[in-house]
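Protein chains in written order, with the numbering used here: chain A, 1 to 171; chain B, 1 to 180.
Keep in mind that the hints are not guaranteed to be accurate.
Below, a list of computed lysine-lysine pairs in the BS3-like style, where the Cα atoms sit at most 27 Å apart [unchecked claim]: (1) A/Lys101 <-> B/Lys138; (2) B/Lys71 <-> B/Lys7; (3) A/Lys36 <-> B/Lys139; (4) A/Lys153 <-> B/Lys7; (5) A/Lys101 <-> B/Lys139; (6) B/Lys71 <-> A/Lys153; (7) A/Lys36 <-> B/Lys71; (8) A/Lys36 <-> A/Lys2.
Keep in mind the hints are simulated off the structure, nothing from the lab.
What follows is the residue order along each chain.
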Amino acid sequence: MKLVELGLYFALLSLVSVGGLPSVMPEMQRFVVDLKGWLTPGEFIQAFAVGQAAPGPNVLIASLIGWKVGGLAGAFVALGAMCFPAAVIAWWVSDLWDRFKDSPWRLAVQRAIAPIVVAMILSGGVVLATPGRPDWRLWLIAGATAAATLASKLNPLWFLAAGGVLGAVLL
Amino acid sequence: MNVAPPKSLVDLFTGFLMIGARSFGGVLPWAYRTLVEERRWMTHADFTETIGLCQFLPGPNIGNASIVLGKRWFGLRGAIVAFLGLMALPFVWVLALYVFYSDFSSEPRVAAVVTGVGTAGAGLFIGTAIKLGRPLAKKPFAVVLIAACFLCVAVARFPLLLVVPVCLALALAAARWNRL
């Protein structure tokens, strides 16, 4: 039953995940940690960390949450649910997108979604950096990383490693 | 530059497998290297246009790109093959890494390091949002919309399934009236 619930909810989230997985991280946390209690706040951020450090699309973080909830079957259900509805939309829209190349609506849609993508990715970052009560040490790590990515073009893995070192020192 | 679509489904599969296999620290640069530079399946402009579309669609950007490109070249079979190629290896690796990590997660030092890595990952999102948001800073309505959407999601913790449709409707209206 847990897996059905997880699958249906993630499938719904898939439909609103404009900007990719970062956008729906706050909602995933709200659902699996606050509402359902399937993961603790600490487990959630650690699953996220492993998913970020491993190679591959970051949607795989969903499969780690699924793994925590229901083992291998949970991992497949969570990943499939996050990807399939969005894939159907991508399949369908890619034709329309070409057909409406010069339509004012296409431009309007593009301009309308941009600020929402920004707000959702920003929210994802802030919520993840605030797993429990606000903690200045976590905000320092997140803020320093954000500043570093804006200032340099190094592979983000270096920033993740630096975050790990800061974590060992501060936490 | 001469570009030609992948010759077969196997070709398509291995191409996306190579993207997934090497994508430490982010998929996008490896997708570019594989699709445009190594396999020469598409041009730079085509790549940019496709990724641009996929960033606006819900779902994982590169996952969507695998669907769109697989479909373009081989129809439904292509979409499935490209998606599976992209996900196969990272899926195994992320689970293996997590299982390996779980053995040590009760160790407080290890948990501290991993929490640090995760929080840095959160910082990457914030950095990305700022990069994407910079061109919007000149548009007052966009700034208000970003702030409102952020307050609803991150501070008030309203359900996303409510916030996104409402904000999207407002944004579409604004874009149609040339305020965005």
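Status of each hint after checking the structure:
no. : hint                  : result
1   : A/Lys101 <-> B/Lys138 : holds, 26 Å
2   : B/Lys71 <-> B/Lys7    : holds, 14 Å
3   : A/Lys36 <-> B/Lys139  : violated, 39 Å
4   : A/Lys153 <-> B/Lys7   : violated, 34 Å
5   : A/Lys101 <-> B/Lys139 : holds, 24 Å
6   : B/Lys71 <-> A/Lys153  : violated, 33 Å
7   : A/Lys36 <-> B/Lys71   : violated, 38 Å
8   : A/Lys36 <-> A/Lys2    : holds, 10 Å
Checked against the numbered hints listed earlier, the structure breaks hints 3, 4, 6 and 7; every other hint is satisfied.
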